[in-house]
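S.K.: This is what each chain is made of:
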Amino acid sequence: MRSSSHSPLSRIPAGAWRRTTRATLALAVTVGFATAVSGAAHANTEPSAATAPAAPSIAPATPASATSGVADTPYMGWSSWSMQSSSYPGLNPDGNYSYLTEANVLKQTDALATTLKSAGYDYVNIDAGWWMDNSWTPEYDQYGRQTPDPTRFPDGMKAVADHIHSKGLKAGIYLPVGLEKGAYGGGTVPIYNAPGCTTADIVYPDLRTTNGWDSAYKLNFDNPCAQKFVDSQAQELADWGYDFLKLDGVGPGSGKSGDNYDNVADVAAWNKAIAATGRPIHLEISWSLSIANAADWKQYSNGWRIDTDVECYCGTLVTWENSVNDRWTDAPAWSNKAGPGGWNDLDSLDVGNGQMDGLTNAERQSYMTLWAINKSPLFTGDDLTKLDSYGLSLLTNKEVIAVDQNTSPVARPITPTGDQQVWGTKNADGSYTVALFNLGTSPASVTADWAALGFTGNASVRDLWNKSNLGTYKSKITEALPAHGSRLFTIKPAGAPLTTTSYEAEAADNTLAGNASVAGCDACSGGKKVGNLYLGGKLTFNDITVKKAGIYDIDVAYVSGDPRAMTIYSNNGNGTSVPFPSTGDWGTPQTISVQLALKAGTNTITFDSGTGYGPDIDKIAVPQSS
Amino acid sequence: MNIQRTEAPDSRPGQQPAEIHRPNRRGFLALAAGTGAAVALGGLPAFTASAAPQRPTASPLLSAADAAKNQLWWQAPGSANSMINQGLPVGNGRLSALASNDPSSELLMITDASLWTGGLNDSLTDDGQFPYGRDDFGSLTLLAQLTVAIPDHDLGNVNNYRRTLDLAQGLVGATYDISGVTYQRQIFASRPDDSIVLYFSQHGGGTYTGTITLAGTHSETTTADSAGRYASFGATLGNGLKYGAATTAYSSTGKVLVNGTTITFSGCKDLTVVVSGGTDYAPDSAAGYRNPSVDPQALARTKVLAAARHSANTLLHTHVADFLPLSGQLDIDLGASSAAQRELDTWDRLQARWRDNVPDPELEAAYLQFSRYLMISGSRAGSLPMGLQGGWLDGNDPDWMGDYHTDINIQMNYWATDRVGLSNQFDALTDYCLAQLPDWSDLTQRLFNTPTNRYRNSSGKIAGWTVAISTNPYGGGGWWWHPAGNAWLCLSLFEHYEFTQDRAYLEKIYPLLKGAVQFWEARLITTTVTDASGASREVLINDSDWSPEQGPLDAKGITYAQELVWNLFGNYHTATTELGRDAAYRATIDGLRARLYLPVVSPTSGWLEEWMSPDNLGETTHRHLSPLIGLFPGDRIRPDDSTPKDILAGATALLTARGMTSFGWAQAWRSLCWSRLKDSEKAYQEVVNNLKPSVNGGNGSAQNLFDIYEVSQGDGIFQIESNFGTAAAIIEMLLYSRPGHVELLPALPAAWAAAGSISGVGVRGGFVADLSWKNGKVTQVTLKSVGGSSTTLVCNGSSRQISVRTGQSVTLRNL
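So the sequences go chain by chain: A and B.
Add 315 to a position in the first sequence, counting from 1, and you land on the number used in the working numbering.
Add 23 to a position in the second sequence, counting from 1, and you land on the number used in the working numbering.
No wet-lab data here; the hints were simulated from the structure.
A hint or two may mislead.
Said to hold, decoys possible - Distance ranges between label pairs, derived from CB positions:
{"#": "1", "chain 1": "A", "residue 1": "Asn-830", "chain 2": "B", "residue 2": "Pro-637", "range": "44 to 50 Å"}
{"#": "2", "chain 1": "B", "residue 1": "Asn-819", "chain 2": "A", "residue 2": "Gly-916", "range": "29 to 35 Å"}
{"#": "3", "chain 1": "A", "residue 1": "Pro-812", "chain 2": "B", "residue 2": "Glu-366", "range": "19 to 25 Å"}
{"#": "4", "chain 1": "B", "residue 1": "Ser-86", "chain 2": "A", "residue 2": "Thr-700", "range": "55 to 61 Å"}
{"#": "5", "chain 1": "B", "residue 1": "Met-683", "chain 2": "A", "residue 2": "Lys-713", "range": "56 to 62 Å"}
{"#": "6", "chain 1": "A", "residue 1": "Thr-711", "chain 2": "B", "residue 2": "Ala-87", "range": "51 to 57 Å"}
{"#": "7", "chain 1": "B", "residue 1": "Gly-682", "chain 2": "A", "residue 2": "Gly-733", "range": "24 to 30 Å"}
{"#": "8", "chain 1": "B", "residue 1": "Thr-679", "chain 2": "A", "residue 2": "Gly-916", "range": "31 to 37 Å"}
Claimed, not checked - Covered stretches of chain B (in silico footprint by chain A; criterion: 3 or more residues with CB under 8 Å from a CB of chain A, positions within the stretch not fixed):
{"#": "9", "region": "94-101"}
{"#": "10", "region": "373-385"}
Unchecked claim - No farther apart than 25 Å at their CA atoms in a straight line, the calculated lysine to any residue pairs in the SDA-like style are these:
{"#": "11", "chain 1": "A", "residue 1": "Lys-713", "chain 2": "B", "residue 2": "Asp-175"}
{"#": "12", "chain 1": "B", "residue 1": "Lys-715", "chain 2": "A", "residue 2": "Thr-882"}
{"#": "13", "chain 1": "A", "residue 1": "Lys-791", "chain 2": "A", "residue 2": "Thr-816"}
We put the beta carbon where it would ideally sit given N, CA and C, even for glycine.
Chain A on its own, in the form it takes in the complex:
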């Protein structure tokens, strides 16, 4: 079960699923700072190739997990939930979510082995409901642990795992976080392998509830019995032979916040319990995890769902609007959180059958492109026995899978100008992985400018989806993209790094208007930034000097804890409202590129919050020649 609005204890599965509202902190203002710092650095000259916007280094992952080797790269496989959640004809004949049966899992296992395994897909993940009957009534063993529904899984969970393993694949399973209410048994249920512990000992006396559905009592780890309970669950999964656990409803996240929904201790307990089993088990947590706790998730888990369910809970598996396309906005905040041992999970990749997926071919390609450049786990929720040829070609494209699995950093938006976006990352060999997206409803051209990537001159372009070398392009590449379409390129520069002149936002000769003010920012250039750019707050760089008039690709280093927008203009231009993707917090700078005309000589560049709330600005870098 995922972010569906119904309770797992409900006998009548709810009908309409509602998407979790993304928390938007429209009024969030940068952290307080009062002192205007004077005499900041004047414009200094530096080559910027080494600080190209798309080349943040991967933060070292230091999972405390003993599960060495787990999630070295984003996992790949199949999950049952997309088909369980859909009302597509024939999928769930015995009621909502009834697709999940032993027979169906084995059928998909066999199909995975013959279709996608050779491309690297090796996890078969059983999602919510394996311990529920078809009326969604849960079943537990004498120790309060979930036990398989005999109708769904007549041979039990171990037999299924054995079959999966027999195909050379890995087995995944699912649990909600906390002690499910139905397992409480009046507090008297004994905990397995924990003499003296009962369910009353592992929860709080007031039976406070937890998880995304309030379907469980919150575990009280002040009492060692709670860890024993998690240990007993982990041991059982290990005994059955499972290699993967999705722990769902975890907070902060899953639409919840506050002490009762803080499940960091649960995830830590699971990490410890898994280690104690001695079996490497990948621990994936769900859903819409709080980015403020990203360090905890990295420490204790191998992956975290950054967003709500991708499924539409409708007549197809997904739809573009609900909620595939949200992820272009939501992923950037997490870009520097992922790395070996733990990855940003964008949820199921349902691109295998256009009719069942509910997507156009263009949408399917864009969907997988975003997942790949974000290094999301690649697990499909499709019916693997009915992959269409286009879907198979997408899911098995080795070059695209390599983008997901290689060591390059997670890509970020470089020129996120509304619906037409360019994302990119720098690869170890000096090439760039660049994705063009058209999120609009009409065809549109999208241009990747080499200057925005940090180099000039010629570059060779490899089209990964069409598996062809497009030749050499000077300064940029433009392609026509269909509605919701994409292209994915490897671009190898043959020219020189771009030389730029940097201008610090905090420089004394800039003009600040409204509430705009200088603030400290350890990670920012010069240790400072300009913030409070809201409701009329304005920052003007006064002496931007170029030798030649032209249209310049200007790098803007900024900090923004949520996605924001601000109007940028040069001289007396009308400007353009530039979307700034989230940088994840208010201390981490990232860079985007914007185009503005500059005249020969001195120019002004203004960041104007207008009637909205803009990001903080660290610095800008202007190419020394156009």
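Given the coordinates of chain A, work out where chain B should sit on it, guided by the hints.
M.R.: Relative to chain A, chain B alone:
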């Protein structure tokens, strides 16, 4: 002003220069001059059988380099769901289409200018006004949709896509690469072949495989005839209008098969598709606006099969030989754009122009040429004139029926026509008014004085004709009566005479002028006003009326009507004098004109009054500039000694109060008024405002440069008069004329001042002007007479008298 011939030693009045000194920046001009005779060909009367076209013996095509100088281009196809913003227009004056240029699915939304529902609509509503629905008044609707599906050419597999609109040759084109093959398509609406042609070619060894589908938009059934090699449909609207369309296709290789309801093709190295269609509409009231001899479906089949007997190249050459002379009649150079600007495609360039507010003179000149392209494509003699969207629709429910709006829009559609060197394109408006006149007269005389009509003549008298705010092609009106609409139409019609000095034309429109005069003679009422001096006098004023489209519904003496009637009576004086007719009646009308009340400045607001009241009875920033109609398009208010200073100040104050920010046509009108006041930067800013990219339906220019008006949040509609009004505004900054008076660079903005030239500009008084300038000063001017003989020429701050015989020209150099 004194005539100062001595200051211009190089001026040779009356002498024909040895050569035509036109800027040669655009090569097609020379060709245009050579093939100009084609322009003289008469128009096709509606949709009828036509004589075999004259085929050029040599290729009239421009070189690629010359063609590139007048091309708009894009790097993505249009969406089938957003054709009004992204479709590229073609048209032959009658048959029009928007093309998507999607590699895998070329879509044409095709319109015939006469495919109108509705009729005479002479049963007034209870308030004495006209019904205004799609069944009674009627609406322009689509004729057909043509789709050429090429499934293998999915946009996701395409590289280097480029789409062009060739403004000089009248071609829509697209090229793209797939797996080493370059595919190319060209689409044009041929006037000589009365068809739209789509030509698909390639180099690199590719082929085309797919399906052609012709579909009606009113639930028609298309049938395909394999023996006849065509697919077609025909039907009849509820108002009895018959219509039909047909398509055929052919290739030098591969298979083209007609089966079921479609045409399929496979393995074709090239493919030509021809589509045509039309109606049995006839511009003839007596015949009930029908031509009973026309079977539209059969005629469409005949036309496409006749065209299909020729190669695509032959059809292309025939079309270009027809189009190029027209497009070549005006050349404009407003200065050089930067290399960075030139590198951008048209949509990116439009966005950069707004974002950076850096002038882009070539883009601004291209905007004018695009308007001319629309005029050539949308308005030809013998066809109906352009309404609110011309012939470019994306559905059967165009806003305001896509009709003829007589309180600014149809007039603005034709403000640019003569100015931009396309005088022949004006004929459609003239012919329309003449064809409608019997019904306009009948409706006026039978219905205008209906007791419930709040605009009726309180005298009870009635004569002549007028119109409703909306008109259709069946003699019918829509919405409300518009008493002064006749005078404004006459202003436009008479201006065309001023440009051309064509006496035969003046004879032709004389019944319209006289009928409008008679209407006003019957309508004007007397009242007594007190002048500033305290003296009272009796004046003639308009009866109860509405200043378009604001304020009280029953205001007497509105400035809009007073100015228009003053203009009408003046033009009537000129016309009768010129034609030697109706001298006695002229004297009567002269007498009325002398007693006409003219507006004064409000002592409270300082504005020229709109309602014969010192009070502001409407919206301060209203879109219409009706009370300033004497400033533009009229000439009564001028920034010289002929206009009392207080009137000029009041007009300026009113224009200032209206504000700079409105939308398309309203901004174009503002620009024209600021030009007349010689405020070049305000005039230019309003042009720039219309170049603002329209995003999500917002006001401004769409990707295809159609002007978009935001009806409501996210909902933008096309208003073609804004494109033409903006073109007129560009010209009016460079040249002001009225009969006997020409002024060069009256409002040249700094953005274009460095250097530039324009040739082929129409001049009221019967001339065509070519001029060049540098550093804001005219360096050379040629005036060619097309009927004018003498004029005052004001340039670089001095004034001189020019005389020249018809057909000859005079050039002034070293100015």
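S.K.: Determine for every hint whether it applies to the structure shown.
M.R.: Each hint, compared with the structure:
Between A:Asn-830 and B:Pro-637 the Cβ separation comes to about 46 Å, which falls inside the hinted range of 44 to 50 Å. For B:Asn-819 and A:Gly-916, the hinted distance range of 29 to 35 Å is satisfied, since their beta carbons lie about 31 Å from each other. The hinted window of 19 to 25 Å between A:Pro-812 and B:Glu-366 holds, with their beta carbons roughly 22 Å apart. For B:Ser-86 paired with A:Thr-700, a C-beta distance near 59 Å keeps the hint of 55 to 61 Å intact.
For B:Met-683 and A:Lys-713, the Cβ-Cβ distance of about 58 Å falls inside the hinted range of 56 to 62 Å, so the restraint holds. The given range of 51 to 57 Å is broken by A:Thr-711 and B:Ala-87, whose C-beta atoms sit roughly 43 Å from each other. Between B:Gly-682 and A:Gly-733, the C-beta spacing of about 29 Å keeps the proposed range 24 to 30 Å intact. Checked against the given bound of 31 to 37 Å, the beta carbons of B:Thr-679 and A:Gly-916, roughly 34 Å apart, stay inside it.
Check result for the region 94-101 of chain B against chain A: holds, 5 residues qualifying (beta carbon to beta carbon below 8 Å, three or more required). Counting residues of the region 373-385 of chain B whose beta carbon lies closer than 8 Å to any beta carbon of chain A gives 7, which reaches the threshold of three, so the coverage claim holds. For a cut-off of 25 Å, the pair hint linking A:Lys-713 to B:Asp-175 stands: about 23 Å separates their Cα positions. Restraint check: the Cα-Cα separation between B:Lys-715 and A:Thr-882 comes to about 16 Å, which is no more than 25 Å; the hinted pair holds.
About 21 Å separates the Cα atoms of A:Lys-791 and A:Thr-816, which keeps this hinted pair within 25 Å; it holds.
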